[in-house]
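If you read the sequences in order, they're chains A and B. With the numbering used here, letter number 173 in the first sequence gets 173, and the count goes up by one each step, no holes. With the numbering used here, letter number 81 in the second sequence gets 81, and the count goes up by one each step, no holes.
Hints in this document: simulated from the structure, not taken from any laboratory. Computed from a predicted model, the values in this text were never measured in an experiment. Quick reminder that beta carbons are idealized off the backbone N, C-alpha and C, glycines included. Treat the hints with care, since some could be wrong.
[Claimed, not checked] No farther apart than 25 Å at their CA atoms in a straight line, the calculated lysine-lysine pairs in the PhoX-like style are these:
no.	chain 1	residue 1	chain 2	residue 2
1	A	Lys319	A	Lys247
2	A	Lys392	B	Lys392
3	A	Lys49	B	Lys376
4	B	Lys126	A	Lys87
5	A	Lys52	B	Lys52
6	B	Lys126	A	Lys376
7	B	Lys319	B	Lys288
8	A	Lys52	B	Lys49
9	B	Lys66	A	Lys87
10	A	Lys163	B	Lys397
[Claimed, not checked] Distance ranges between label pairs, derived from CB positions:
no.	chain 1	residue 1	chain 2	residue 2	range
11	A	Glu273	B	Lys186	45 to 55 Å
12	B	Asp65	A	Glu50	30 to 40 Å
13	A	Glu273	B	Glu293	53 to 63 Å
14	A	Lys66	B	Glu50	30 to 40 Å
15	A	Lys52	B	Tyr123	34 to 44 Å
Protein chains: 2
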Amino acid sequence: MYEKHLECRSCGKKIELGMKYTCPVCEGILELKYDYEAMKEDPLLLDDKEHKGMWKYSHVLPVRDKGNIVTLGEGATPLLRCCRLEKEYNMSVSLYLKAESLNPSGSFKDRPSSVGISAAKEYGAKRVVIASSGNASAAAAAYCAGTGMECIVFVPEGTDASKVTQAAAYGAAVIPVAGNYSNSYKMALECSAKYGWPNITSTFLNPYTVEADKTAAYEIWEQLGECMPDYVVIPIASGPLLVGMYKGFQELVHLGIASPESRLPAMIGVQSEQCMPVTKAYLEHTAKVCGWEFPIHTIAGGISDPLIGYEQDGELTLKTALESGGRMSCLSEEEIADAMQQVETKAGLYCEPTSAVAVGAAARLYKEGVIEPGTKVVCMLTGHGFKYSGRKPFVQKVISSIEELPILI
Amino acid sequence: MYEKHLECRSCGKKIELGMKYTCPVCEGILELKYDYEAMKEDPLLLDDKEHKGMWKYSHVLPVRDKGNIVTLGEGATPLLRCCRLEKEYNMSVSLYLKAESLNPSGSFKDRPSSVGISAAKEYGAKRVVIASSGNASAAAAAYCAGTGMECIVFVPEGTDASKVTQAAAYGAAVIPVAGNYSNSYKMALECSAKYGWPNITSTFLNPYTVEADKTAAYEIWEQLGECMPDYVVIPIASGPLLVGMYKGFQELVHLGIASPESRLPAMIGVQSEQCMPVTKAYLEHTAKVCGWEFPIHTIAGGISDPLIGYEQDGELTLKTALESGGRMSCLSEEEIADAMQQVETKAGLYCEPTSAVAVGAAARLYKEGVIEPGTKVVCMLTGHGFKYSGRKPFVQKVISSIEELPILI
Numbered sequence: 001m002y003e004k005h006l007e008c009r010s011c012g013k014k015i016e017l018g019m020k021y022t023c024p025v026c027e028g029i030l031e032l033k034y035d036y037e038a039m040k041e042d043p044l045l046l047d048d049k050e051h052k053g054m055w056k057y058s059h060v061l062p063v064r065d066k067g068n069i070v071t072l073g074e075g076a077t078p079l080l081r082c083c084r085l086e087k088e089y090n091m092s093v094s095l096y097l098k099a100e101s102l103n104p105s106g107s108f109k110d111r112p113s114s115v116g117i118s119a120a121k122e123y124g125a126k127r128v129v130i131a132s133s134g135n136a137s138a139a140a141a142a143y144c145a146g147t148g149m150e151c152i153v154f155v156p157e158g159t160d161a162s163k164v165t166q167a168a169a170y171g172a173a174v175i176p177v178a179g180n181y182s183n184s185y186k187m188a189l190e191c192s193a194k195y196g197w198p199n200i201t202s203t204f205l206n207p208y209t210v211e212a213d214k215t216a217a218y219e220i221w222e223q224l225g226e227c228m229p230d231y232v233v234i235p236i237a238s239g240p241l242l243v244g245m246y247k248g249f250q251e252l253v254h255l256g257i258a259s260p261e262s263r264l265p266a267m268i269g270v271q272s273e274q275c276m277p278v279t280k281a282y283l284e285h286t287a288k289v290c291g292w293e294f295p296i297h298t299i300a301g302g303i304s305d306p307l308i309g310y311e312q313d314g315e316l317t318l319k320t321a322l323e324s325g326g327r328m329s330c331l332s333e334e335e336i337a338d339a340m341q342q343v344e345t346k347a348g349l350y351c352e353p354t355s356a357v358a359v360g361a362a363a364r365l366y367k368e369g370v371i372e373p374g375t376k377v378v379c380m381l382t383g384h385g386f387k388y389s390g391r392k393p394f395v396q397k398v399i400s401s402i403e404e405l406p407i408l409i
Numbered sequence: 001m002y003e004k005h006l007e008c009r010s011c012g013k014k015i016e017l018g019m020k021y022t023c024p025v026c027e028g029i030l031e032l033k034y035d036y037e038a039m040k041e042d043p044l045l046l047d048d049k050e051h052k053g054m055w056k057y058s059h060v061l062p063v064r065d066k067g068n069i070v071t072l073g074e075g076a077t078p079l080l081r082c083c084r085l086e087k088e089y090n091m092s093v094s095l096y097l098k099a100e101s102l103n104p105s106g107s108f109k110d111r112p113s114s115v116g117i118s119a120a121k122e123y124g125a126k127r128v129v130i131a132s133s134g135n136a137s138a139a140a141a142a143y144c145a146g147t148g149m150e151c152i153v154f155v156p157e158g159t160d161a162s163k164v165t166q167a168a169a170y171g172a173a174v175i176p177v178a179g180n181y182s183n184s185y186k187m188a189l190e191c192s193a194k195y196g197w198p199n200i201t202s203t204f205l206n207p208y209t210v211e212a213d214k215t216a217a218y219e220i221w222e223q224l225g226e227c228m229p230d231y232v233v234i235p236i237a238s239g240p241l242l243v244g245m246y247k248g249f250q251e252l253v254h255l256g257i258a259s260p261e262s263r264l265p266a267m268i269g270v271q272s273e274q275c276m277p278v279t280k281a282y283l284e285h286t287a288k289v290c291g292w293e294f295p296i297h298t299i300a301g302g303i304s305d306p307l308i309g310y311e312q313d314g315e316l317t318l319k320t321a322l323e324s325g326g327r328m329s330c331l332s333e334e335e336i337a338d339a340m341q342q343v344e345t346k347a348g349l350y351c352e353p354t355s356a357v358a359v360g361a362a363a364r365l366y367k368e369g370v371i372e373p374g375t376k377v378v379c380m381l382t383g384h385g386f387k388y389s390g391r392k393p394f395v396q397k398v399i400s401s402i403e404e405l406p407i408l409i
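Let the hints inform the model, and build the full structure from the sequences given.
Okay, structure coming up:
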């Protein structure tokens, strides 16, 4: 509503609003800029009475005509304090889980898709394109179905059918592309350039989508009783959720909603040891992120992103984490599997392995003294347990009478 | 909070509160009764400020000590107007979908499980038992995990492993019982009687769980701008959702929250033609429901309940539907599959076939003149699309360049 222009995050070049993806001067990442002075005066700033969920924040989101809002009820996800996990991990903190898994299509990608498709609609698009074989393609397909837009999803050839069943069910055209993800990514760029179809690939490519992630920060602040968390722990592929949320926390202060003395949370990004391009740069004390060229074998499919071809996304995420006083971390496959089990059996939230890395990392960083006692720690549960198809089948002996119950009574 | 006693729905016998399941006199279904006069005076009646989601209605739910509330953030599910479906079906109505599929474990069973487990906790239980191989067992297991209670799930031998993967992941003891569902049902009864473990089998057995379904009615009334819908269409197995919701609408008037002139909605129950014990009784103009003895082949697994052994549950549901001015209906397998596709591709909501029957039936009843133009119709989407494992695998030709795109540009 108050968006002014796009601005290159690298060279500062200002560009007119529109479906644009990189800086024409330096190919840097574009960011949406707002007229914060006008925004500040808005009496319904964080509470557009016409909308529930994420769109109650419509006045800080980049859609001008509210008639273009495409919503499926995303946002307003539960923030759950989990004392049983605190006890399990011996953590003297308030540990909260933000259940982004309960968004309509089952992941945190619904917020950016809702904003991305709304913006695409505002710019007159009838069709969008995305390269993704995971949560982002399902989310994009859902919102396209909701508004009657065509959704073209490029996936690498050989992608397991179960990963795109959901997107196909919503009616998306799921198209396998020869080669690896880089080829799918490039084909989406090419289509967007040639035909003008908005590209909503969920990296930092589309400057509209990342704005949606701010709303998770607003919600957490409200859910904590208008209070900042001390740490926010987030599973990271390229990292728009971390960067977008941090912008949200900053805006709360900048807009005078939160006190100017508020201490912003330290943003902690987590990757799998099997695919950790951003964490590697962090550990090597360099700002330069390199594409991950090693073989990847991880159950955390949602963050299995080598960043090849868009390494600058990882650099922006690393920079933001450090700026916030946070850091990058990583977990082994065993730690990820264990964290998933803890979240499911102690918090009662079904989650995909990727979601659980935030909780596993929080526990480890507490043990290592990085996360301090007495603090408020929010872990982002990014995707639902249904998204994970690698569970072992359940086997139990059949019984015929209660005397055979295999349980100590 | 204001619950007084249990009362037999058949003979009117009053019974002290407690984990009780059937009338000791006539084996009728028990109902929780409240002190509505005291309740009316409660200034926070529909808005317990301490809780979000379903538990903002804690003052009309049967938990005395709020410390016993076990919540995972259930309730406050989106109510979405779907103009694309109205158009598709040529319906001159306001068609709303209530996305109960977005509850934490992925189905409408989270509300009753949250109340059932909270009540079990209030009565000191460390372990509960349930007979179910579907949404109810997953929900029960989730809430047990959330509070550290043991959950014993009885399923018929030969139950497909995929149906209980979720419950097992939350840590429930999933135990196959020789024979069909009736045997599992009886074993839960037996365990509950012998060991005193609360039985939260999601029929009308547990008088606490059904109270939770009232909250879906309160929410809809609020989401419609403090207004009653004209029709509520609900997939039906034994039917506690229909009966519970109708009680909620009645309470809104009885408590003086809604105007005394409010016309309560007609409650419409829908079954699959493959398993329609309640609809059969409706069509034969009899109040007597018989267990369904025919073979069942339906994709709507969530309502594939022959009611054998608890036929009176179906009778209560039928009676309630008729009392409300509603009815029972049914759909063929083709109609169910088509409705699922319509919901997914036109509303952007991933749903299991059972969920879609409400939408399919609404369309058909409109065509038949039962649902009148100009009305507000709410269809209950009871379970998430992830719950359905019968989708056809996706197949598409691999392409190498955008010239090969199989799309008309």
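Okay, the hints, checked on the actual structure:
1. A/Lys319 - A/Lys247: Judged against 25 Å, a Cα distance of about 13 Å means the pair holds.
2. A/Lys392 - B/Lys392: Within the cut-off at roughly 22 Å; holds.
3. A/Lys49 - B/Lys376: Distance ~22 Å between A/Lys49 and B/Lys376 Cα, so the pair holds.
4. B/Lys126 - A/Lys87: Holds, at roughly 18 Å.
5. A/Lys52 - B/Lys52: At roughly 14 Å apart (the allowed maximum being 25 Å), B/Lys52 and A/Lys52 satisfy the hint.
6. B/Lys126 - A/Lys376: Cα-Cα ~30 Å, so violated.
7. B/Lys319 - B/Lys288: With a Cα-Cα distance of about 10 Å, the restraint between B/Lys319 and B/Lys288 holds, given a limit of 25 Å.
8. A/Lys52 - B/Lys49: 18 Å, holds
9. B/Lys66 - A/Lys87: Roughly 21 Å separates the two Cα atoms, so the pair holds.
10. A/Lys163 - B/Lys397: Roughly 16 Å separates the two Cα atoms, so the pair holds.
11. A/Glu273 - B/Lys186: 45 to 55 Å: 50 Å, holds
12. B/Asp65 - A/Glu50: 30 to 40 Å: 38 Å, holds
13. A/Glu273 - B/Glu293: 53 to 63 Å: Hint holds: Cβ distance 57 Å, inside 53 to 63 Å.
14. A/Lys66 - B/Glu50: 30 to 40 Å: Holds, at about 32 Å.
15. A/Lys52 - B/Tyr123: 34 to 44 Å: Cβ of A/Lys52 to Cβ of B/Tyr123: about 35 Å, so the range 34 to 44 Å holds.
Violated hint for the displayed structure: number 6, the only one.
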